[in-house]
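Engineer: Below, each chain spelled out in residue letters.
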Amino acid sequence: MITLQPTITPEHLFAQIPFARFLNLELDIAGTELRTHMPFAPHLIGNPLVPALHGGVIGAFLEMTAMVQLAVAENLEQTPKPVGVSVQYLRSAKPVSTYAEAHINRVGRTIANIEARAWQDARENPVALLQAHFLIG
Amino acid sequence: MSDCFFFDARRPKAQYVPTAPFLLKANLFLKLFLIQRVVSKKMPHLSDDILQQLVETIPYMKAIGASYLGHDAEGVSLKLPYREDLIGDPHTRVIAGGVVTALLDHGCGLAVWDAVGEFKPIATMDLRIDYMRPATPELDLIITASCYKLTRSVGFVRAFAHDGDIHDPVAAAQSAFIISKPSLKSHQKASA
Numbered sequence: 016m017i018t019l020q021p022t023i024t025p026e027h028l029f030a031q032i033p034f035a036r037f038l039n040l041e042l043d044i045a046g047t048e049l050r051t052h053m054p055f056a057p058h059l060i061g062n063p064l065v066p067a068l069h070g071g072v073i074g075a076f077l078e079m080t081a082m083v084q085l086a087v088a089e090n091l092e093q094t095p096k097p098v099g100v101s102v103q104y105l106r107s108a109k110p111v112s113t114y115a116e117a118h119i120n121r122v123g124r125t126i127a128n129i130e131a132r133a134w135q136d137a138r139e140n141p142v143a144l145l146q147a148h149f150l151i152g
Numbered sequence: 126m127s128d129c130f131f132f133d134a135r136r137p138k139a140q141y142v143p144t145a146p147f148l149l150k151a152n153l154f155l156k157l158f159l160i161q162r163v164v165s166k167k168m169p170h171l172s173d174d175i176l177q178q179l180v181e182t183i184p185y186m187k188a189i190g191a192s193y194l195g196h197d198a199e200g201v202s203l204k205l206p207y208r209e210d211l212i213g214d215p216h217t218r219v220i221a222g223g224v225v226t227a228l229l230d231h232g233c234g235l236a237v238w239d240a241v242g243e244f245k246p247i248a249t250m251d252l253r254i255d256y257m258r259p260a261t262p263e264l265d266l267i268i269t270a271s272c273y274k275l276t277r278s279v280g281f282v283r284a285f286a287h288d289g290d291i292h293d294p295v296a297a298a299q300s301a302f303i304i305s306k307p308s309l310k311s312h313q314k315a316s317a
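Top to bottom, those sequences are chains G and W. For the first sequence, the working numbering begins at 16 and goes up steadily by one. For the second sequence, the working numbering begins at 126 and goes up steadily by one.
If you're looking for bench data, these hints aren't it; they were derived computationally from the structure. Hints should not be assumed to be uniformly reliable.
[To be verified] For lysine-lysine, the following DSS-like pairs were computed, each having C-alpha atoms within a straight-line distance of at most 27 Å:
(1) W:Lys187 to G:Lys109
(2) G:Lys109 to W:Lys306
(3) G:Lys96 to W:Lys204
(4) W:Lys306 to W:Lys274
(5) G:Lys109 to W:Lys245
(6) W:Lys306 to W:Lys245
(7) W:Lys204 to W:Lys245
(8) W:Lys204 to W:Lys274
(9) W:Lys187 to W:Lys245
(10) W:Lys187 to W:Lys204
(11) W:Lys245 to W:Lys274
[Claimed, not checked] Negatives, chain G to chain W, calculated, CB over 12 Å:
(12) Gly71
(13) Ala88
(14) Glu89
(15) Lys96
(16) Ser112
(17) Gly123
(18) Thr125
Every value quoted in this text rests on a predicted model; they were computed, and no experiment measured them. Backbone N, C-alpha and C fix where the C-beta goes; we use that ideal spot for every residue, glycine too.
Make the full structure from the sequences, and use the hints.
Structural biologist: And the structure:
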């Protein structure tokens, strides 16, 4: 179960990370769930012909979501560092808002295992999935 | 060898067929030529101009300031100059993992286009990244990617992110790209 600690607010965390500002990430908090939102911006396009968001943008967005979820749930002082990240791309991402949620599988002493999913129209139709290991502490 | 008694005594007839070695040699040359053609057909390359365009016309690559560096035996290379707004950890000033992810993804894509030898729509299917160490702040980040296997519909790529020395990588990536064939549907749409 994720508990939000009052000492670090997620908004504060996002405001501190320049790259999160670059992607223009926003946070929605619904009870104990943390959901990130990446509004569409023209500079996020990776394929102008389709058009579709850049795969790297989706990867970065998922990574950032997992990182924030972990930092908030574990009340970490430093941002967790990714060790291994694996992204599966299931659909091409349309130039609209993208949402993501992360789920913590296990938190050990040094490593945490997290998975995340990003979607656009419906949560059941994920655009991409992420599996990651983060170094904490 | 011809004045060697021992050799001549054992194989006397070989000397009287002067055309045979010549034909063999010609055959060998022909084979080599064909192999070379097959190999070059299998792994063609795109020109630097096109590869450069495939980096610089992509809005996201433009936004983070990436540029095409070149093409050598190690593969296709991209460069990203250090920038304040791409920092992922404000305390250490290290560039965000997400930026490295995006660059690795694009580098891998370029390697696939280079191997395919023409511009075809491709899409990342799977991307796995291992982060070995933080990228050094203030240094340019370089991505080197090579497509080591290409089938009709999938390209397999290995890529490294480093600060100049590929043997001291920041991150390593392994990815698979799907290479789309123009479908019947889009063909009908285009002709209609």
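Engineer: All hints are to be evaluated individually against the structure, with a verdict given for each.
Structural biologist: Hint by hint, here is what the structure shows:
1. W:Lys187 to G:Lys109: It holds: about 19 Å lies between the C-alpha atoms, which stays within 27 Å.
2. G:Lys109 to W:Lys306: Status holds; Cα separation ~20 Å.
3. G:Lys96 to W:Lys204: Cα-Cα ~23 Å, so holds.
4. W:Lys306 to W:Lys274: Judged against 27 Å, a Cα distance of about 18 Å means the pair holds.
5. G:Lys109 to W:Lys245: 19 Å, holds
6. W:Lys306 to W:Lys245: 8 Å, holds
7. W:Lys204 to W:Lys245: 23 Å, holds
8. W:Lys204 to W:Lys274: 24 Å, holds
9. W:Lys187 to W:Lys245: Holds. Lysine 187 of chain W to lysine 245 of chain W sits at ~21 Å (cutoff 27 Å).
10. W:Lys187 to W:Lys204: 12 Å, holds
11. W:Lys245 to W:Lys274: 17 Å, holds
12. Gly71: 2 Å, violated
13. Ala88: 18 Å, holds
14. Glu89: With a cut-off of 12 Å, glutamate 89 of chain G remains clear of chain W, as the shortest Cβ separation is near 16 Å.
15. Lys96: 7 Å, violated
16. Ser112: 16 Å, holds
17. Gly123: 18 Å, holds
18. Thr125: Fine: 14 Å to the nearest Cβ keeps threonine 125 of chain G off the interface.
Consistency with the previously given hints fails for numbers 12, 15, ordered from lowest to highest.
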